[in-house]
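> Input sequences plus hints: build the corresponding full structure.
4 protein chains.
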Amino acid sequence: MINVGIVGATGYAGEELIGILIRHPKVRITNLSAKIVKPRVFSEIFPKFKNTLDLVCAEPDIKKIISQCELVFLALPHTASMKIAPSLLNAGKKVIDLSADYRLKDVKTYEKFYKTKQKDRVYLKEAIYGLPELYREKIKKARLIANPGCYPTAAILALAPAIAFGLVDLSQIIIDAKSGVSGAGRKAAEELIFSEINEDFKAYKVNTHQHMPEINQELAKLANKLINVTFVPHLLPLNRGILETIYVKTQRHLPAGRQSRHKEARRQGLSSLYKKFYEKEPFVRIKDEGDFPTLKEVVGTNFCDIGIKDYGNIIIIIVAIDNLLKGAAGQAVQNMNIMYEFPEYSGLT
Amino acid sequence: MINVGIVGATGYAGEELIGILIRHPKVRITNLSAKIVKPRVFSEIFPKFKNTLDLVCAEPDIKKIISQCELVFLALPHTASMKIAPSLLNAGKKVIDLSADYRLKDVKTYEKFYKTKQKDRVYLKEAIYGLPELYREKIKKARLIANPGCYPTAAILALAPAIAFGLVDLSQIIIDAKSGVSGAGRKAAEELIFSEINEDFKAYKVNTHQHMPEINQELAKLANKLINVTFVPHLLPLNRGILETIYVKTQRHLPAGRQSRHKEARRQGLSSLYKKFYEKEPFVRIKDEGDFPTLKEVVGTNFCDIGIKDYGNIIIIIVAIDNLLKGAAGQAVQNMNIMYEFPEYSGLT
Amino acid sequence: MINVGIVGATGYAGEELIGILIRHPKVRITNLSAKIVKPRVFSEIFPKFKNTLDLVCAEPDIKKIISQCELVFLALPHTASMKIAPSLLNAGKKVIDLSADYRLKDVKTYEKFYKTKQKDRVYLKEAIYGLPELYREKIKKARLIANPGCYPTAAILALAPAIAFGLVDLSQIIIDAKSGVSGAGRKAAEELIFSEINEDFKAYKVNTHQHMPEINQELAKLANKLINVTFVPHLLPLNRGILETIYVKTQRHLPAGRQSRHKEARRQGLSSLYKKFYEKEPFVRIKDEGDFPTLKEVVGTNFCDIGIKDYGNIIIIIVAIDNLLKGAAGQAVQNMNIMYEFPEYSGLT
Amino acid sequence: MINVGIVGATGYAGEELIGILIRHPKVRITNLSAKIVKPRVFSEIFPKFKNTLDLVCAEPDIKKIISQCELVFLALPHTASMKIAPSLLNAGKKVIDLSADYRLKDVKTYEKFYKTKQKDRVYLKEAIYGLPELYREKIKKARLIANPGCYPTAAILALAPAIAFGLVDLSQIIIDAKSGVSGAGRKAAEELIFSEINEDFKAYKVNTHQHMPEINQELAKLANKLINVTFVPHLLPLNRGILETIYVKTQRHLPAGRQSRHKEARRQGLSSLYKKFYEKEPFVRIKDEGDFPTLKEVVGTNFCDIGIKDYGNIIIIIVAIDNLLKGAAGQAVQNMNIMYEFPEYSGLT
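Protein chains in written order, with our numbering: chain W, 31 to 379; chain E, 31 to 379; chain S, 31 to 379; chain B, 31 to 379.
Everything labelled a hint here was simulated from the structure, so no lab data went into it. Every value quoted in this text rests on a predicted model; they were computed, and no experiment measured them. There may be inaccurate statements among the hints.
It does not matter which identical chain is meant; a pair holds if it fits inside one copy or across any two.
Stated by the list, open to error - When the alpha-carbon atoms are kept at most 27 Å apart in a straight line, the in silico DSSO-like pairs for lysine-lysine are as follows:
no.	residue 1	residue 2
1	K171	K310
2	K142	K113
3	K80	K56
4	K217	K68
5	K317	K170
6	K80	K310
7	K145	K68
Here's what the structure looks like:
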């Protein structure tokens, strides 16, 4: 049984995290905090938690958090996390940060895309990118987890096997991404009000979104080569879920050593290849050849579902996750489960 | 051909009004203004108007409006209208005000429900409540129209015939109202963002909504008696439309003079009675006995559709309008058409 | 650990039931059946269950069900249940029927509202109406549960205390009900397709809905008097949830014995009264005076939330449930928990 | 003034067509027909047309249509049109067919993708593909118009200038298309019911959709070369509108004669190029460099809005139309206006 705190409890990811942790058999929530005018019983803010969680939620009090918790989730906007995380880590606490502050190892890239200074280069070096399917062993020993972004989680899981097997022309990876509105966070903004978004659909931040360098960073590590994906996010008029349709070209000119492996891969079928790659993963499901996932199948779950098919020289990969679960709070709990050697699916079924 | 101005062009009602006036054969839009940081071509703010309206929209400049327009629509939040209307009226202009500022004849009631001072008692006296079905003759000669609220338009049209015929127990009128989100206006507010409203439904301002005294005022005039309706508005997760389900008790104890008329009314059927009452109205449609309107049938039109049926001692009336048309901009144009003796449906079909 | 079967596994209630039972610590699902062309692995029909439930779903085979299960849930359309239940009961199995077949004790009323013969009068007599808040003791010993309808669950729980305390004029109870679309079941019908319902809102079966006699039957038992509610259901453009706004008149002329109790009740406030009435109930939550529930607070939970306030001679009660949980599958599991003396909230948190 | 008939009046495209034609100053609707059990007044089926259209709608009676109309719109499913069109054309009538029956010049391709025989090869040869921006002169003299599909209208208009200017690597054109649900037609089908589609998003007919060969056919004519686009349509949970995000590679190896033209094009900027290409078109609007269209800007209009930007070696084009207007009924009326030399925007503003 561990004592955990959540900073940023009133955002969508924080609310979701609390919903999971309440049901988690090994966790006791001991501190809730958020940007809030005055302290309030949490179930007064979110009446759905009445009779299940009656803690008070107040402005974060670092000393109190340190004395009450051994693990702290930061469900904050970027820039806010790097102000709080160092004190917690210095006091020997573990931190899972859901913001972008510790995700990008290259400080210049962070500063360009987030338009703010990276202020904690010490812990930035130590932070582990919390994608269990790629970094499980490092997560086990980590003190600070940079929980991946929602779009990158889907994109990286969808592309990792194809890149690992050298199937893909790395010069041209096109990611057409669509996200539900909760991805924009709970904030008053005219462009987010219901009548603006309902019955509308649009692209935004075309090829300039701040999740693009995160995808590039991780794919580059897999490919051992610089990567520049083309990335166009769109806003869906629905609450939750991300679906990405990814178009890659098959690799034509292979180094001699890879040709046979590549041929073999395509002979088996890409679905089989993906199934093997992820066979031990509790939260990745690969569709049979020709089948593709829908949002509905993953919303409310921590699963990442992937369909892949080869159409001559183009491979189409479709991937779906719940942006608040596998794309945020669910993955954060999965990381906690790994760090504390709890069953990886605890609280997530 | 008349020159008109719209103050408050960027709100939902203003935008709708402009869409109608562009198509109106007798109207030239000569001035657009709104609360806006710096002047912008209107079709840059609303790209859908590109190639159809290319006026600049700026902060309201009263002198310019006076020199360019003979009729001005005020599509403003309450309190803003009564600051602007007097100057326009003093300069000999006609004004159709879509806010609540000139609707309530009783100043105390206005101040109680709108929590602000009524500052223009002079023109308040003169203002005509712009519900054409009840006040067409007065509208013809009016200089200042108080365009009715959306909920009251539906409620009053639904109840007027039943009250006029003395069919209703006036001590108990229950209005269960449901409105689309555009009724709340275009404003940044956390409770209006998509993820809060989508897949939710709730009552708000239960029996305390500011449209309640407006309904009471108008029904009282019809009944020649104080009226206190029970009024519960709800928020529907859709863009536009109001549907109200109204429950009244049939009047039992009638004054001798009214009994035969009342009996006759119920013998004919309430639908027939309503059809007769509204037979010359271009924008009220009465359903056959047992049929009730749906939102879809009226959204995008200026119609008010009404179904009514007698269930023993309870009469159920269901009424539907488009809140932005018959409930705001459409009715404003209908009023303009009457004031200028244009065909009443001009621009509205 | 008990073995259960679900007949009608592919409808909305069946699907929901399975989602709950998978997580239930005391239940093993041993048989799934439905109207289905040929047997299929359930997770092929509903890919979201992949890796969590891999049973085959086939046409119901009564012998197999009897040999594999001790409790059977019937999540079937009405008329289908009463064809299957008797064989199961004769074989000593327990049955929780989610259809309407065993709810109405008066056969004529059933036949009038459901337009079909009631064919099993023997077990009809024995069936217990499965509303735990009113009939927990009987449910404990029941073999056959008639699981309540969704609208009646909300209406009865909202009205029971007020009627029990004699606060209500029984001659006039008005229920304005609004339901999400899943209440209509999973069936191909032109009026249910997305483009017909999205952005629309309407009343249907005005004062003729088949759930009306069910509400009347149960309220009459509480009041010891015939009851005829006025009941207007409406269709909301959202997936799940029921919200009912109920208008009752306060009882004026009380028998001498009841006057003081009544006064006392109103002095304390209706919310306090309701809180006391339901204080031991795990799934009923009463709002503080002046607060009313929203759909969002109950969707995804088995809670029934109630707000109540006295407005002079009218009392307004607003009640919200998830129609697939407390209004169907959740309540069915709650009944099972009571029958088997499992903790009442098992599987439901 | 011309007399027109609509066959298939009760589908979404037919309903939309009627809404436009009612307002058209040069058109009288003289015959309405559809697959229908018994003749009904049209405004009884669609109450929103009450008081504006009171014709009877019956099964199509070819003789009557011939005697009452000079132009007939066929708003039918494919295969139904080619059974009716020949009799009308033989009788000297003009026909605008909204189905796919006369769109694909290659019979084998039609039969492969529509899985049915092409039965009218005579008129197939004569049919003009009704995309005014490309074929206006031919439309003027046409007797039979094959009105384009919704996805192809958007895709072809978005790609035509880039292909005409030789900017594009023709071996790789990726169209990621998203459509509202009305595109699927008004038909009872379990996968189209509200609760299935609401809050879901998915790809369907991945790279196998029947609109793909239509796009290929038209782009090939422009390019003078075989084209095979990659085409993935997705279903949006909203009523109307199509948005396509198109990814093309810039052409590298140009024939000598084209190089300077190509350079010049890229120097000017692609938006300017597109603006020039479409400068006389009343219904195509090009965004400024870096701006992209949203559904909301075109829904309810006949406009096709296009944004285009060059990102190194990838060009991204985003195009939006209302699938029922520019993608069906609006374009059909635009074609009629051209055929009869009415102002091209008549009825469409």
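> Run every hint past the structure and note whether it holds.
Tested hints:
When the C-alpha separation of K171 and K310 is checked against a cutoff of 27 Å, the pair qualifies only within one copy, where the shortest distance is 20 Å, while the shortest distance between copies is 46 Å. Taking the closest pair of Cα atoms, K142 and K113 come within 27 Å of each other only inside a single copy of the chain (19 Å); across copies the shortest separation is 46 Å, beyond that limit. For the homomeric pair K80 and K56, the shortest alpha-carbon distances inside one copy (21 Å) and between copies (26 Å) are both at most 27 Å. In this homomeric assembly, K217 and K68 come within 27 Å of each other (Cα to Cα) both inside a single copy, at 18 Å, and across copies, at 25 Å.
Within a single copy, K317 and K170 get their C-alpha atoms no closer than 29 Å, and across copies no closer than 44 Å, so neither meets the 27 Å cut-off. For the homomeric pair K80 and K310, the shortest alpha-carbon distance between copies (15 Å) is at most 27 Å, but the shortest distance inside one copy (38 Å) is not. In this assembly of identical chains, the alpha carbons of K145 and K68 lie at most 27 Å apart only when taken from different copies (25 Å versus 30 Å within one copy).
Of the numbered hints given earlier, the model fails hint 5 alone.
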